[in-house]
Amino acid sequence: MAILPPGEGWFHQKVAKDEKIWMGLAFVVSVFLFFWMIIWHVYAKQNPSFVTYKTTPEEFYALTEAFINKYKVGEENGVPVVKPPPGDVFLLARQFRWEPVLILKKGEEYRFHISSLDVLHGFSLQPVNMNFMVYPKYDYVLTFRPTSAGEYAVVCNEFCGIGHHMMIGKIIVEE
Amino acid sequence: MAVAVESGEKWFRTCDITGFKVDLRAEKIAKVNAVMAVVSLLLAVIAALLLVLTRWQLFHVLPVDWYYRILTLHGLDALVFWIIFFELAALTFTSTAFLNTRMSSPTAGWLGTALAIVGWLLVNYTILTGNADVLMTSYAPLKAHPLFYLGMILFAVGALVIVTVFFSNLMIWRRENPGQSLPLFVYGLMAAAIIAVITIVSGAIIYIPTFLWSLGIISDIDPAVYKLVWWGLGHPSQQINVAAHVSVWYLLAFLTVGGTSINEKVSRFAFILYIIAINVASAHHLLVDPAVSPVWKVWNTSYVMYLAVFASMIHAFAVPSAIEVAQRRRGFTKGLFEWLKAAPWGNPGFSGLMLSMIIFGFIGGITGVVNGMEQTNIIVHNTLSIPGHFKGAVVGGTALAFMSVTYYLIPLLFRKKIAFYGVSKFVPWLFGIGVAILAVSMYILGAFGVPRRHWDITFSGGPFTYTYNPVTDFFWALFGLGGLLAVIGALIWIIQVVVSVFFGSPLKGPQDLQIPIAEPPPPAKEEHTGFAAPGTFTLVLLFITAFIIFVVLNYGWLSAMWEVK
Amino acid sequence: MSEEKKTPFLQLVFDDFILLLFIGVAVYAISYLIWGLMEIAWLPPIPDEVKQALLGR
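Going line by line, the protein sequences match chains A, B and C.
Under the working numbering, read the first sequence as residues 1 to 175, first letter to last.
Under the working numbering, read the second sequence as residues 1001 to 1565, first letter to last.
Under the working numbering, read the third sequence as residues 2001 to 2057, first letter to last.
With the rest of the complex left out, here is chain A (with noise of 0.2 Å):
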């Protein structure tokens, strides 16, 4: 009884068919779950990133700054729009805007580094829905690689205060 000592000898109990079968399936499954997501680590293209580095926001500002001047191209609403070739990109997060806004192309590689100048923030990239966490003295360095044109819209999905709502940003990708 779940509400009594168990009987004597129950250690010895032998387990059920039924049981034992389910557990022979439930254990191959969960195994088989770990190993997946080391498979899709080698073989797949959508994969967190390995790699981070450490960095201070007045740094991260100044690196965001230097690469918004190198390969700017306008503004829209104030925000700075930049164009840069597939390598390196910045994306900057403050309470409560992105920037800059990127301009990308179809098909190339570009390493993101996105950092935060003050709070966590959310990189919530809409409609294909990829999220990722954005840290102050953490520069997350994602490569991504647009496998779609069209606008983009980069969402903050991690509460930042106040204005939090009012924080999205855009990616543009061209064919």
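Check before you lean on any hint, since a few could be wrong.
[To be verified] Under the rule of at most 30 Å between Cα atoms (straight-line distance), these lysine-lysine pairs were calculated in the BS3-like manner:
(1) C:Lys2006 <-> A:Lys20
(2) B:Lys1565 <-> A:Lys45
(3) A:Lys17 <-> B:Lys1334
(4) A:Lys106 <-> B:Lys1565
(5) A:Lys83 <-> A:Lys45
(6) A:Lys14 <-> B:Lys1565
(7) A:Lys20 <-> B:Lys1525
(8) C:Lys2051 <-> A:Lys54
(9) B:Lys1143 <-> A:Lys54
(10) A:Lys17 <-> B:Lys1525
(11) A:Lys72 <-> A:Lys105
(12) A:Lys83 <-> B:Lys1565
(13) A:Lys20 <-> B:Lys1341
(14) C:Lys2051 <-> A:Lys83
(15) B:Lys1341 <-> B:Lys1417
(16) B:Lys1565 <-> A:Lys72
(17) B:Lys1031 <-> B:Lys1334
(18) B:Lys1265 <-> A:Lys17
[Unchecked claim] Pairwise CB distance ranges (calculated):
(19) C:Lys2006 <-> B:Trp1345: 38 to 48 Å
(20) B:Trp1110 <-> C:Val2013: 31 to 41 Å
(21) C:Val2013 <-> B:Tyr1125: 41 to 51 Å
(22) B:Ile1549 <-> A:Gly107: 23 to 33 Å
(23) B:Val1118 <-> A:Ile39: 43 to 53 Å
(24) B:Ile1549 <-> A:Tyr43: 15 to 25 Å
(25) A:Phe32 <-> B:Pro1523: 32 to 42 Å
Keep in mind that the hints were calculated from the coordinates and are not lab data.
Each residue gets a CB set at the ideal place from its N, CA and C atoms; glycine is no exception.
Fit chains B and C to the supplied structure of chain A, relying on the hints for placement.
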């Protein structure tokens, strides 16, 4: 069995229904904690109503600052205070009454309870006065008022004291009953208590420095360290719930149909796997975070190669098979499911048990494992799918199980008759179905990219805008419907509990029991070869099929995304 | 007098909740907490090549 007599007074009463020696001091402490649990739940449910009618922007009732404030309140009162106060009551009551043992230290029990209540007051007060708009997770560098952190620390210390009393009660029992094994229900709560130790110690490691930082004594809290350590409190606090609600399932199976685990070793083994492997899975909160490596992520998020998920799947067979075997012994042997059809569905303890298992397994569990796989987390992190998952797991699983077992606690612990008992049989259905609809619609909204913890998905005031797929309008309506049903179910339950406990007629004896306690089934007729529980076996196969399909679908959806590494 | 049947070692482990407490805490502390903290502590700074390409230093 040793019976201590303190200063000539009897320290126990003998329950005329179960025969247990109930330590009167433990009983009082358990009752206070149970009342605090229900008060917290009431706050959480009122908050939930306001939040549902805000996220559903057709209504958008709360202004921006109150949304995040009420969200903070809801998270803490629901996920921390309601559930942990309930568990503290359970730990106190079961380690004495269920073991026919005296409480090792009533003073410590009262001290722990008092600290927890003071902590609860400080936290709720600082939130409601706008001094802790940081959400339940309070991620540094977001900073709250020092009293918020102090409140959390006091609550944690109070809880730890009560957990320590639980273990020392067990040690007294062990000394007085050498060579005996704990009853399964208490064993499961023991696993919960171990996880609680991990939870609370992690909480101390993170809240104490953060408290000092909020006072200006420490200059800086590293955000990566904060999040890592916080989730050592955050997820294990929910795994206490898993161990506790699985224990409650075994208890309910016993009370409603006289069922018990068909193999004690197997069930206990599963609880041991929880102890060893469940806590490291806090890593699933950090899967798309910088700093920690994929090796650390994959090893930890997998609950050590999914051993803890394996454990849950063991219980998924063990609990229903306990019911099935008891029912089959009563003669319900026709076909695969006569045992289930003939089960006491009118007993809210039974219907709540079944709904809790189904919702936890199919909704909470399946989505939980997939959310927690390193790569599929990319398409769910911080979307509404995350709370969708845990509505299924914690609300449909743990809360519903606790609410169902309360229909037995009112007569057995509070010795009162259940007010409006006729309504009871509808409550698990109303609440359960409401939560199921809520959880699934949230999960689907998240699949369309809708963020969690977000006041306005039209982004008014932002430099750009984005419009979510119009089909989300339908799911917002479902979300509202599910939320409203769940709130109504919860409020009915709360009214029943409050009226019963404070104004209800006393229970004079077993004749006043409204909710039936099952007679034990007749013993097994002959040595049974072949399947002990073919109906359960079919159901778990159905479960694992659904599980595998969901994993495959999610990896399929993931592979359609942009490439990232 | 019935003879004392020796309890299997594994059953003693199953029943020893203090031992289980230690194992639970130890696995979590090492696998999740200490290992995780070490990884955070050992992160490198942004490589000079990246900085030089932008800041020319």
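A quick look at each hint next to the structure:
A distance of roughly 26 Å separates the Cα atoms of lysine 2006 (chain C) and lysine 20 (chain A); the hinted pair therefore holds under the 30 Å criterion. Between lysine 1565 (chain B) and lysine 45 (chain A) the alpha-carbon distance is near 7 Å, which keeps this suggested pair within the 30 Å criterion. Between lysine 17 (chain A) and lysine 1334 (chain B) the alpha-carbon distance is near 20 Å, which keeps this suggested pair within the 30 Å criterion. Simply put, lysine 106 (chain A) and lysine 1565 (chain B) have alpha-carbon atoms about 16 Å apart, close enough for the 30 Å limit, and the pair holds.
A distance of roughly 24 Å separates the Cα atoms of lysine 83 (chain A) and lysine 45 (chain A); the hinted pair therefore holds under the 30 Å criterion. Note on lysine 14 (chain A) and lysine 1565 (chain B): the hinted pairing is violated, with a Cα-Cα distance of about 48 Å set against a maximum of 30 Å. At roughly 22 Å between alpha-carbon atoms, lysine 20 (chain A) and lysine 1525 (chain B) fall within 30 Å of each other, so this suggested pair holds. Proposed proximity of lysine 2051 (chain C) and lysine 54 (chain A) is supported: the alpha carbons are some 13 Å apart, at most 30 Å.
Distance hint between lysine 1143 (chain B) and lysine 54 (chain A) is fulfilled; the C-alpha atoms sit about 22 Å from each other, no more than 30 Å. Distance check on the hinted pair: lysine 17 (chain A) and lysine 1525 (chain B) sit about 18 Å apart at the alpha-carbon level, within 30 Å; holds. Distance check on the hinted pair: lysine 72 (chain A) and lysine 105 (chain A) sit about 16 Å apart at the alpha-carbon level, within 30 Å; holds. Between lysine 83 (chain A) and lysine 1565 (chain B), the direct Cα distance comes to roughly 22 Å. Compliance with the 30 Å bound is thereby established for this hinted pair.
Restraint check: the Cα-Cα separation between lysine 20 (chain A) and lysine 1341 (chain B) comes to about 25 Å, which is no more than 30 Å; the hinted pair holds. Taking the CA atoms of lysine 2051 (chain C) and lysine 83 (chain A), the gap is near 19 Å; set against the 30 Å cutoff, the hint holds. Restraint check: the Cα-Cα separation between lysine 1341 (chain B) and lysine 1417 (chain B) comes to about 28 Å, which is no more than 30 Å; the hinted pair holds. As the CA atoms of lysine 1565 (chain B) and lysine 72 (chain A) are separated by approximately 26 Å, the hinted pair is consistent with the 30 Å bound.
Annotation: proposed proximity of lysine 1031 (chain B) to lysine 1334 (chain B) is violated, straight-line Cα distance about 43 Å (limit 30 Å). With a C-alpha separation of about 15 Å, the suggested pairing of lysine 1265 (chain B) with lysine 17 (chain A) holds against the 30 Å cut-off. Between lysine 2006 (chain C) and tryptophan 1345 (chain B) the beta carbon distance is about 46 Å. The supplied range of 38 to 48 Å therefore holds. For the hinted restraint 31 to 41 Å between tryptophan 1110 (chain B) and valine 2013 (chain C), the CB-CB distance of approximately 34 Å keeps it satisfied.
For valine 2013 (chain C) and tyrosine 1125 (chain B), the Cβ-Cβ distance of about 46 Å falls inside the hinted range of 41 to 51 Å, so the restraint holds. Roughly 32 Å separates the CB atoms of isoleucine 1549 (chain B) and glycine 107 (chain A), a value that falls within the hinted 23 to 33 Å. The given range of 43 to 53 Å is respected by valine 1118 (chain B) and isoleucine 39 (chain A), whose C-beta atoms sit roughly 51 Å from each other. Roughly 21 Å separates the CB atoms of isoleucine 1549 (chain B) and tyrosine 43 (chain A), a value that falls within the hinted 15 to 25 Å.
Hint check: phenylalanine 32 (chain A) to proline 1523 (chain B), Cβ distance near 40 Å, so the stated range 32 to 42 Å holds.
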